[in-house]
Amino acid sequence: MLDVGAPLLAVDDLHAWYGESHILHGVSFEVRAGEVVTLLGRNGAGKTTTLKSIMGMVDHRSGSIRFEGRELIACSSDRIAQAGIAFCPEERGIFASLGVEENLLLPPVVRPGGLSLEQVFELFPNLKERLRTSQGSKLSGGEQQMLAIGRILRTGARLLLLDEPTEGLAPVIIQQIGKTIRALKENGFTILLVEQNFRFAATVADRYYVMEHGRIIDRFANAELDASVEKLHDYLGV
Amino acid sequence: MFEVFGIPSTALFGQLLIGLINGSFYALLSLGLAVIFGMLNIINFTHGAQYMLGAVTAYLLLNYAGLGYWPALVIAPIVVGLLGILIERVFLRWIYRLDHLYGLLLTFGLALIIEGIGRNYLGTAGLPYTLPDSLRGGRNLGFMFLPNYRAWVIAASLLVCFGTWFIIERTRLGAYLRAATENPALVRAFGINVPRMITLTYGFGVALAAFAGVMAAPIYNVSPNMGSELIIVVFAVVVIGGMGSILGAIVSGFGLGVIEGLTKVFYPEASNTVIFVVMAIVLLVRPAGLFGRRT
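Residue numbers (our numbering), protein chains in the order written: chain A, 1190 to 1427; chain B, 16 to 310.
It should be emphasised that the hints constitute simulated quantities derived from the structure, not laboratory data.
Wrong hints could be hidden among the right ones.
Stated by the list, open to error - Stretches of chain A that chain B covers, calculated by requiring three or more beta carbons in the stretch to come under 8 Å of a beta carbon on chain B: (1) 1275-1282; (2) 1286-1295; (3) 1401-1408.
For every residue, glycine included, the Cβ atom is placed at its ideal position computed from N, Cα and C.
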């Protein structure tokens, strides 16, 4: 078993580049097993790039990314997924040339202990009804988001990277996503969430890191949220 | 014997058969091109040379190793497919992110080199390839005479084409391929080794060309130029079907073979250009091709 105090994911002095542009300038943070940690920050602060760097989806990166004590900075993205990290992209990444069922079954199981299809359908009953839909891209935005989250729960990955899962969704769907994230946490999943909407984040997160210009500029726990609202408004410009 | 539109039935069905035979090769070759283009985003101009290499390998196996048609049908696609994998690893993988033009020029250059080597060692005259005894002869269907080997070519091509279609459109492996065509970075982030899949896809597309080459050896002569003569028509077929469309490649391959055959009966003067006329019309009406998705 992992030491309770040891972080599941430890990111240290992470730099990332897209082509010539240097996006992340030494990002350091950690996520402990069973936590829901949220990265907050304005558009372009480097939140999505941080998730993509953890997944190995940027052109070049340096620093250290340790997952379960194992260094992943030199690994290719398929190796990182095999290590047990799963990624749900902001644009959801539903494949238009695949049916709903094919989309759901696409990510291979990387280790035992993932949710069964029945458990995924318990979380997202709508998905079961739309299973025979010919094209994944014909689903509504909310259904696409559920499909994008549902398909990575099957893989056995214990760390989920969710990039703005509530973006562009109706309030009732956002509530359902929030309920799902809390259920996943109870199930023992560890979640690193990127959010613009800190009111939503406040309903699910244990801790927050605030990003700006490719750096972490502040951190606080959920209990400190009320005291930090002033600061947050300042950081996020809301 | 009877007549259709004033044309003797034997002539009509004879040309229809030739159309189907040509269509079999168009379909196999454009299928390989479609598979490669879909996955690698590369227009494989080496395809004709790889088709020729399949036929040449069959010829060499027969005359230097004593291995006949059936072993060649298995060995040649494997050998030429492995050569394709080598080409992908050494050359192609460096240019995926660049403009189509680079891939086109590179594969065209490779085709010139391969064909040049072929001409150097084999000369430009065609070399005969003898039919296996088991496929000699034919049967009289009443309205026409059907040679066994031609029947076999059509059947084998249909089988391979629809087998490939089934794998790509109906299996888990095919779902990986289709997904990786759309968003390779995300498929890789799900834990699938996409670069290896790309390499194997190129090898498979090239093996299809070599398979067509072996089947062509007994019908057309084995010659270093056999691929470059055919490949221009095949590219027109691919454009008509829609770049990267599997079903489009198969349907338009057979369809255009038949159209070409019928043109030979009804208006022979146009038979060499009819495919390009169809291509021009299709491009005007549906720029993405008959089965292509608009992007």
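Outcome of the hint check:
no. : hint      : verdict
1   : 1275-1282 : holds (count 4)
2   : 1286-1295 : holds (count 5)
3   : 1401-1408 : violated (count 0)
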